[in-house]
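Trainee: Chain by chain, the residues run as shown.
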Amino acid sequence: MSLSKKLQMYKKQLHEQNRLSHPKKVQAENPHSSLESEQISEISQAAKDLGATIKRFEDQMVLVHSERLSLDTKIGPYALRDLEPLLECWQSGYTQHPLSGYGLHADDLLFFDTETTGLGSGAGQMIFLIGLARWSSEGLMLNQYFLPGPGHEAAFYNAFLNDCHSLKNLVTFNGKAFDWPRVKTRHQFVRDQVPKLPSFGHFDLLHASRRLWKNRLDRVGLQTVESAILSMGRKQDVPGKMAPFLYFQFLKHPDAQLVKGIIEHNREDVLSLISLYIHLSNKILGRIDSDSEESYEIARWDKQIGNTEHAKEIWKSLANGDSSFGLQAKRQLAILYKREGAYRTSLDLFESIIHDHGNEDRSLYIEAAKLLEHQFKNYDQAIVYTKQALRLLDSIKTEDEQERIFEIKSSYLKRLNRLDQKRLGKYS
Amino acid sequence: MIGRQTIDDLLNNLRSDPNIVHWHTIPKREAHYAPFPDSLDLHVREALVHRGVTSLYTHQAEAYQAVMEGKDVVLVTPTASGKTLCYNLPVLQTIINQPESRALYFFPTKALAQDQKNEMVELIDEIGLPIKSHTYDGDTSGSIRQKIRQAGQIVMTNPDMLHASILPHHTKWVSLFENLQFVVIDELHTYRGVFGSHVANVIRRLKRICSYYGSHPQFICTSATIANPQEHAEALTGRAMYLIDRNGAPSVRKHFLIYNPPVTNKQLNVREDESYAVTRLATDFLKNKIQTIVFAKSRLKVELLVSHLQKLNSGRQDRAKICAYRGGYLPLERRRIERGLRSGEIIGVVSTNALELGVDIGQLQVCILTGYPGNMASVWQQAGRAGRRQEDAVIIMVTSSNPLDQYMAGHAEYFFSRQPEAIRINPDNIMILMDHIKCSAYELPFKKGEHFGGQEVDELCEYLTGEDVLHFQREKWYWMSDGFPANTISLRSAAQDSFAIVDVTDRGHAKVIGEMDRFGAMTMLYEDAIYIHQGTQYHVDELDLEERKAYVRKVNVNYYTDSDLAVQLDVLAMDQHANFDHEQIEKGYGDVSVRALPTVFKKIRFETYENIGWGKIHLPEMEMHTNAAWISFSPDYLNVFGKDVFQGALVGLSHLLRHAAPLYVMCDQSDLSVVPKIKAPHNEKPTVFMYDKYPGGIGLSEKLYQVMPSLLNKAIEMLENCGCEAGCPSCIGFVNEGRSAKLALLRLLKDR
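So the protein lines, in turn, are chains A and B.
Using our numbering, read the first sequence as starting at 1089 and increasing by one per residue.
Using our numbering, read the second sequence as starting at 62 and increasing by one per residue.
In short, the hints are calculated from the structure, not lab data.
One should not assume that every hint holds.
To be verified - Distance ranges between label pairs, derived from CB positions:
{"id": "1", "chain 1": "A", "residue 1": "F1464", "chain 2": "B", "residue 2": "P191", "range": "51 to 57 Å"}
{"id": "2", "chain 1": "A", "residue 1": "H1290", "chain 2": "B", "residue 2": "I157", "range": "35 to 41 Å"}
{"id": "3", "chain 1": "A", "residue 1": "L1157", "chain 2": "B", "residue 2": "P191", "range": "52 to 58 Å"}
Claimed, not checked - Under the rule of at most 30 Å between Cα atoms (straight-line distance), these lysine-lysine pairs were calculated in the DSS-like manner:
{"id": "4", "chain 1": "B", "residue 1": "K509", "chain 2": "A", "residue 2": "K1284"}
{"id": "5", "chain 1": "B", "residue 1": "K572", "chain 2": "A", "residue 2": "K1100"}
{"id": "6", "chain 1": "A", "residue 1": "K1093", "chain 2": "B", "residue 2": "K738"}
{"id": "7", "chain 1": "B", "residue 1": "K208", "chain 2": "A", "residue 2": "K1485"}
{"id": "8", "chain 1": "A", "residue 1": "K1099", "chain 2": "B", "residue 2": "K537"}
{"id": "9", "chain 1": "A", "residue 1": "K1272", "chain 2": "B", "residue 2": "K610"}
{"id": "10", "chain 1": "B", "residue 1": "K508", "chain 2": "A", "residue 2": "K1093"}
{"id": "11", "chain 1": "B", "residue 1": "K315", "chain 2": "A", "residue 2": "K1099"}
{"id": "12", "chain 1": "A", "residue 1": "K1497", "chain 2": "A", "residue 2": "K1510"}
{"id": "13", "chain 1": "A", "residue 1": "K1340", "chain 2": "B", "residue 2": "K508"}
{"id": "14", "chain 1": "B", "residue 1": "K572", "chain 2": "A", "residue 2": "K1272"}
{"id": "15", "chain 1": "B", "residue 1": "K572", "chain 2": "A", "residue 2": "K1284"}
{"id": "16", "chain 1": "A", "residue 1": "K1264", "chain 2": "B", "residue 2": "K208"}
{"id": "17", "chain 1": "A", "residue 1": "K1272", "chain 2": "B", "residue 2": "K509"}
{"id": "18", "chain 1": "B", "residue 1": "K740", "chain 2": "A", "residue 2": "K1099"}
{"id": "19", "chain 1": "A", "residue 1": "K1099", "chain 2": "B", "residue 2": "K132"}
{"id": "20", "chain 1": "A", "residue 1": "K1143", "chain 2": "B", "residue 2": "K508"}
{"id": "21", "chain 1": "B", "residue 1": "K537", "chain 2": "A", "residue 2": "K1093"}
{"id": "22", "chain 1": "B", "residue 1": "K208", "chain 2": "A", "residue 2": "K1100"}
{"id": "23", "chain 1": "B", "residue 1": "K509", "chain 2": "A", "residue 2": "K1093"}
{"id": "24", "chain 1": "A", "residue 1": "K1348", "chain 2": "A", "residue 2": "K1323"}
{"id": "25", "chain 1": "A", "residue 1": "K1329", "chain 2": "B", "residue 2": "K610"}
{"id": "26", "chain 1": "B", "residue 1": "K537", "chain 2": "A", "residue 2": "K1136"}
By construction, the Cβ of each residue, glycine as well, lies at the ideal position given by its N, Cα and C atoms.
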């Protein structure tokens, strides 16, 4: 039997199968698309309506929307002009930080965001909109590239790549895991026709935002950060998850109205990146005040990238304050001092947390006991602390993690026995 | 303590055992050697010599030659004949010549890939050249994945991984696909039915991606003995294959015994359960420290046999170590057992067909098969586990009381001369094909007029465009959906809309214990059914059709449930038909619609099979389109035999055909349905339908149509072979008017 006869016979079951694999799919209003020949003129009309120019490449095309914003334009709490002095500030020797603009000028940065046909990471998801902004002393150039259909990717990537080759560093929100790998994937399909992908530096502001604000935000998304941290609001935003569906509709019936909202959404995303980068840098560089949690996290980040001196400085001032992060800062300092061999200072800090705050954290007692045993041979006090840790452990009532608790307990008991032995050895 | 008996002593005892219905001796076979090929690298030769291999078997040399000449090759190799060298040598040699070339191996399971990688790494270490060989599957850690994608020269994986991970992300595997020289497909015979039809399409996708990146890999396939290795390999890969089936490996003398357990109930013609006989026989060998492997068909049987066998240790100081081996064990556990078997520390193992595959456990001395495994390929794969070194090997097949087993017990000469079955796949099954058109379009857009698996697929793409899955532009169809198609398509489960089986015994900790296709769920997971999962009984509390979930609870009852289906069969299109036996019988093949409505279920006691109750099933009708073969008889017979008797005869014939079908096509019970109709709607004749239990069909009924007169003859032989009077499980089953029905059926088929 021919394939087409089979197709007819099994249509119902096939449709059922499709429905099952896309259960939540919104049904399109217009099931049939317009003819390809008509679409060319529809796309030209859409370009006009969007204020975009059509750029041709070989026999393909891409819609490019460009604008120049004055440096006095305010994006949330900052003006675009603020970017240049900020970058100068980064030049003052603070080199190791992942967001460090050391060696870069404001016009080396590329603020970058995309819209895609789906969140998956496979070869079949496309990018249909790229927004990028670059700074210059004459103003901010904002370009948006819109893919008028899947058959025009070479034109799309060619235009984008030609405009960004002189830039050095990407600034994105989750671009390391999402946007840039997608660019790489789709670039594979047109790599013979378009320029190579440049190798950029990359500031991913999602990671930075997570570090500073993950406890106070339910979800660290660009828009939550905008409203909760930068006090910005958006008017009539198209939710990102609607973007694929609207784009599929556009492909069938090119009409500017369908995608206008997505393009505006992308524009705002790109602009927010500038403001967010300034804000995060200001916090890290201490150009503006941070609350105690932010300070604590900035110090923790510093410590992880090996900038312990800076971390110490921040923690010291936190330790003198009375916020709940003062305690944690003391603890971090105690660990740092121990590592540096400043055992007395370290022990003092541990004991001060224990005594001043009646702390419930048993590991503090063990840390103190370790120092007393190995550095100060003060076995009696070490025993006191170990016993206190044991008492705290015994007060745990939960049924969970019985095994782990048992293991911890046996390690404590082992310590206690060893201390007993040592004490006896000392007195005999 | 009585001294140990040797294998010869035990064989002598068996010679006088009345239950041994046949004793077949397979003579020893000498090895046929060939020198190392001239082009084989010196490092490789030295490594082989170092491992004790000083020359090749002839089939290994032939494979090397054929592959190096650029042929696509299929090798048929029995167990333990050194098949890995057949593909490893040409692959390694090619990589030594051109280090940029790549090979992709795929195995049906992760465990096999792991085994093969270890073997490969050992060989590479001895060769002493920096060749990178890795497994890539769900267990591969994220940190080395990228390295493997970019630089792995030999990548070992499985078809599921290829389908859902490698192909949809081909842009991350550019260096593999640009340089892919070899695709090695091991255990070809496992790719059959629905699974095989899916895998054939995964290979079509693979080939499409290779040609996009400009490579044209050679295929090297290996298979157990089946009737149609070349045809099957060609169907699976779409390439013309060069067949190598002259095996040069030696083998010891083998005694193959068929043991038919005694009849315990003469009236019902019921025989002793085969597990008892197996336990008895295996115990004799194990007590005497003779390493033995027992094969059983289900996981439940495996566990039961192990517990029976372990009883031999009671009261003995010198304990024999006996293990179970089956799917569902953790890899570490399986490795431990495999090691124990190789070292001889484990003396007995009871296994499902999991050990049919090329897992390395060395060779054992005795192999016992609990029942005919259902196909000849399995018989020889399992039997191949016996035969170590210089000693004689013993294989005992203990037959059960089902018709096929009894037929084999009664026709041993047929059994031993029998050709293995053919494997069928149907890659063009429209449902399966459509799934992979989606996946393939996701990977690369389809050009207008492009072929997939040899046929133009424009119409299918147009259909998918109408379904809002693809978008047509500039002569190409592009994936245009936010979904990831490979995620919703499983190669192994029968249909996409599968039901989750949720154990709610502990309300607080409900957990999913398995899944089942819709058809299966409606016939096995109806409310109040007793569902048996891995030997544990569950009561079905609720079947939620909307959410596709069955909620079950552990119980312990002494019955099982069996549902009755009201099946409506309509022929949608008849593709082929013919009359035979002097125009007396009509056979047909085509597309049918099967509408099934579960009506009632029976509760059946385990020990006695008596009916102890029933209940109604409240479920909607199910409809499926598939392929069917059928045979129809003249309606005149209704008058000749009377309606009731004739109906009984038709039901009896269905029972026989269901059991005879596996002689011609390799399939599981669950792959095929046989349904009698006293008056088929399309021709108004008494008809028996045999249909593929998968939407669109997987080629089983098509093959049965082709072999029809011969299939019917086998059914008659089975019927005549049985000594019962009124029907028994070994022939027509228990039907109404059994005695008359059996006679009627005999007359119907003999008088043709």
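Trainee: Does each hint hold? Answer for all of them.
Mentor: To see whether the hints hold, each was checked on the structure:
Separation of A/F1464 from B/P191 is about 53 Å and conforms to the stated range, judged on CB atoms against 51 to 57 Å. With their beta carbons about 40 Å apart, A/H1290 and B/I157 fall inside the hinted range of 35 to 41 Å. Separation of A/L1157 from B/P191 is about 55 Å and conforms to the stated range, judged on CB atoms against 52 to 58 Å. Of the supplied pair hints, the one linking B/K509 and A/K1284 holds, its CA atoms being roughly 29 Å apart against a limit of 30 Å.
At most 30 Å may separate the alpha-carbon atoms for a hinted pair to count; B/K572 and A/K1100 exceed this at roughly 34 Å. Between A/K1093 and B/K738 the CA atoms are separated by roughly 27 Å; this keeps the pair inside 30 Å, and the hint holds. Taken as a hint, the B/K208 and A/K1485 pair is broken in the structure, with Cα atoms around 47 Å apart against an allowance of 30 Å. For a cut-off of 30 Å, the pair hint linking A/K1099 to B/K537 stands: about 23 Å separates their Cα positions.
Using a Cα cut-off of 30 Å, the hinted pair A/K1272 and B/K610 is violated, with the two alpha carbons roughly 40 Å apart. Distance hint between B/K508 and A/K1093 is fulfilled; the C-alpha atoms sit about 22 Å from each other, no more than 30 Å. Between B/K315 and A/K1099 the CA atoms are separated by roughly 55 Å; this puts the pair beyond 30 Å, and the hint is violated. For the suggested pair A/K1497 and A/K1510, the alpha carbons sit about 20 Å apart, so the restraint of at most 30 Å is met.
Using a Cα cut-off of 30 Å, the hinted pair A/K1340 and B/K508 holds, with the two alpha carbons roughly 19 Å apart. Restraint check: the Cα-Cα separation between B/K572 and A/K1272 comes to about 40 Å, which exceeds 30 Å; the hinted pair is violated. As the CA atoms of B/K572 and A/K1284 are separated by approximately 50 Å, the hinted pair breaks the 30 Å bound. As the CA atoms of A/K1264 and B/K208 are separated by approximately 18 Å, the hinted pair is consistent with the 30 Å bound.
Of the supplied pair hints, the one linking A/K1272 and B/K509 holds, its CA atoms being roughly 26 Å apart against a limit of 30 Å. A C-alpha spacing of about 29 Å is found between B/K740 and A/K1099, which places the hinted pair at or below 30 Å, so the restraint holds. For a cut-off of 30 Å, the pair hint linking A/K1099 to B/K132 is broken: about 40 Å separates their Cα positions. In summary, the hint linking A/K1143 to B/K508 is supported, as the alpha carbons are separated by about 25 Å, within the 30 Å threshold.
Proposed proximity of B/K537 and A/K1093 is supported: the alpha carbons are some 23 Å apart, at most 30 Å. Restraint check for B/K208 and A/K1100: the C-alpha separation of about 45 Å exceeds 30 Å, so the hint is violated. Of the supplied pair hints, the one linking B/K509 and A/K1093 holds, its CA atoms being roughly 20 Å apart against a limit of 30 Å. Restraint check for A/K1348 and A/K1323: the C-alpha separation of about 14 Å stays at or below 30 Å, so the hint holds.
Annotation: proposed proximity of A/K1329 to B/K610 holds, straight-line Cα distance about 29 Å (limit 30 Å). A distance of roughly 27 Å separates the Cα atoms of B/K537 and A/K1136; the hinted pair therefore holds under the 30 Å criterion.
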